[in-house]
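*Asks:* Sequence:
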Amino acid sequence: MAHVTLNASSFLLFSSKSLIRFSSIYSSTFTFHFKSNSNRINFNPNTTTMAAAATAPSHQTIPLLTPYKMGKFNLSHRVVLAPLTRERSYNNVPQPHAVLYYSQRTSNGGLLIAEATGVSDTAQGYPNTPGIWTREQVEAWKPIVDAVHAKGGVFFCQIWHVGRVSDSSYQPNGQAPISSTDKPLPPTPRTNGLGYIEHTPPRRLRTDEIPHIVNDFRVAARNAIEAGFDGVEIHGAHGYLLDQFLKDQANDRTDQYGGSLENRCRLPLEVVEAVVNEVGADRVGIRLSPFADFNDCGDSNPLQLGLYMVNALNKYNILYCHMVEPRMGTVGGPDENLTPMRKVFNGTFIVAGGYDREDGIKAIAEDRADLVAYGRLFLANPDLPKRFALNAPLNKYNRPTFYHEDPDPLVGYTDYPFLDEESNGVAS
Numbered sequence: 001m002a003h004v005t006l007n008a009s010s011f012l013l014f015s016s017k018s019l020i021r022f023s024s025i026y027s028s029t030f031t032f033h034f035k036s037n038s039n040r041i042n043f044n045p046n047t048t049t050m051a052a053a054a055t056a057p058s059h060q061t062i063p064l065l066t067p068y069k070m071g072k073f074n075l076s077h078r079v080v081l082a083p084l085t086r087e088r089s090y091n092n093v094p095q096p097h098a099v100l101y102y103s104q105r106t107s108n109g110g111l112l113i114a115e116a117t118g119v120s121d122t123a124q125g126y127p128n129t130p131g132i133w134t135r136e137q138v139e140a141w142k143p144i145v146d147a148v149h150a151k152g153g154v155f156f157c158q159i160w161h162v163g164r165v166s167d168s169s170y171q172p173n174g175q176a177p178i179s180s181t182d183k184p185l186p187p188t189p190r191t192n193g194l195g196y197i198e199h200t201p202p203r204r205l206r207t208d209e210i211p212h213i214v215n216d217f218r219v220a221a222r223n224a225i226e227a228g229f230d231g232v233e234i235h236g237a238h239g240y241l242l243d244q245f246l247k248d249q250a251n252d253r254t255d256q257y258g259g260s261l262e263n264r265c266r267l268p269l270e271v272v273e274a275v276v277n278e279v280g281a282d283r284v285g286i287r288l289s290p291f292a293d294f295n296d297c298g299d300s301n302p303l304q305l306g307l308y309m310v311n312a313l314n315k316y317n318i319l320y321c322h323m324v325e326p327r328m329g330t331v332g333g334p335d336e337n338l339t340p341m342r343k344v345f346n347g348t349f350i351v352a353g354g355y356d357r358e359d360g361i362k363a364i365a366e367d368r369a370d371l372v373a374y375g376r377l378f379l380a381n382p383d384l385p386k387r388f389a390l391n392a393p394l395n396k397y398n399r400p401t402f403y404h405e406d407p408d409p410l411v412g413y414t415d416y417p418f419l420d421e422e423s424n425g426v427a428s
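Read in order, the letters of the sequence shown correspond to residues 1 to 428 in UniProt numbering.
Bear in mind the hints are in silico, worked out from the structure with no lab data behind them.
Among the hints, erroneous ones may be present.
Derived DSSO-like pairs (lysine-lysine); straight-line CA-CA distance at most 27 Å [stated by the list, open to error]:
#	residue 1	residue 2
1	K396	K151
2	K343	K362
3	K362	K396
4	K142	K69
5	K315	K69
6	K315	K343
7	K69	K151
8	K72	K362
9	K72	K151
10	K362	K69
11	K72	K343
12	K315	K72
13	K72	K142
14	K343	K69
With these hints in hand, go ahead and build the complete structure from the sequences.
*Replies:* What follows is the structure, encoded as structure tokens:
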């Protein structure tokens, strides 16, 4: 058993059964492909052999479970925990139960991306989501990060601002949420699926206010590193604030932050530059969804937008780009894919969007991605890399508990069984 000491002089006991140790057997050859400053190692199934796990059937090579060097981080496999909003951080402060949640999903050499974390008191738009702009929040993250590191994990903090995807009840002094525009967001479904949220019409940011937003992201990145995170992922996707500047469906500005593609990308790139200058390019990633129209935020030419952004990001030499597949809330056609962006971007390329085991294996084997992020499957299967290695059955996720509705925050959070618990009859 492993113990983690919490700040409030309390202790949380958690099982170390979820620690997955991969036994790697290498052949003498790998196929290497270096692009500019990338440390990418491409998997070639014809020249590479590896046992994904000591117990993998017949030691068959599984591309998704091969090692990968992401900058200075040596990952033991390509299965990434996607950032997942869980709404269990009361008063925007991470709670002790998150220690077990993230520890359960940590494997030695695995990459985890923490749930979206607010950069300021104007950044929030959902109940009980964490922040990282106060001293209390920074201190609350520390034991969570320590628990991940204790099991050999690599942990990044996703930093976000929701922009107009909010209402006055989440804003300081009941003010209107801010955005690139003053166009109101149409009602959106509640996270529990019951009814719709009516959003307060946003206030268009003045040009002279935008540097303050950039600074909020910079300070949040610094705070994340102070909390012990290995790096930060800038949330530029899914219709939140930075996406509200990127996409022409939302951005109707006439200043230097609106109109042309270059102008619409200006704020997100200023945020990237500020964060890189604060914590170093080798600690910075970004999430983008050029093809998505989540939160009424689509673009008339998503491929052009995606290509412009990855070309611009190359100038900053950031560690990774995390892109959402067109099939997830897409405004693109059925033949749209991320391959053009993959070919252009110099760093690590992470894909996300409804992947299963076979999809992930294929994406790595065909060199369409370096890493694959999993959301719902990882939520319901804390030992997902092990299950993939064994091709074992997966737990079914319980959608009503994705977001905190039950009086007990651990329900649907830390109570999903591990494989060894199932085999011992612990779970039905």
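*Asks:* Determine for every hint whether it applies to the structure shown.
*Replies:* Quick rundown of the hints versus the structure:
1. K396 with K151: holds, 25 Å
2. K343 with K362: Holds - the C-alpha atoms of K362 and K343 are around 17 Å apart, at most 27 Å.
3. K362 with K396: With a Cα-Cα distance of about 23 Å, the restraint between K362 and K396 holds, given a limit of 27 Å.
4. K142 with K69: holds, 25 Å
5. K315 with K69: With Cα atoms ~21 Å apart, K315 and K69 stay inside 27 Å; holds.
6. K315 with K343: holds, 15 Å
7. K69 with K151: Holds. K69 to K151 sits at ~18 Å (cutoff 27 Å).
8. K72 with K362: Distance ~26 Å between K72 and K362 Cα, so the pair holds.
9. K72 with K151: It holds: about 18 Å lies between the C-alpha atoms, which stays within 27 Å.
10. K362 with K69: holds, 19 Å
11. K72 with K343: holds, 22 Å
12. K315 with K72: Distance of about 19 Å is within 27 Å: holds.
13. K72 with K142: holds, 22 Å
14. K343 with K69: holds, 18 Å
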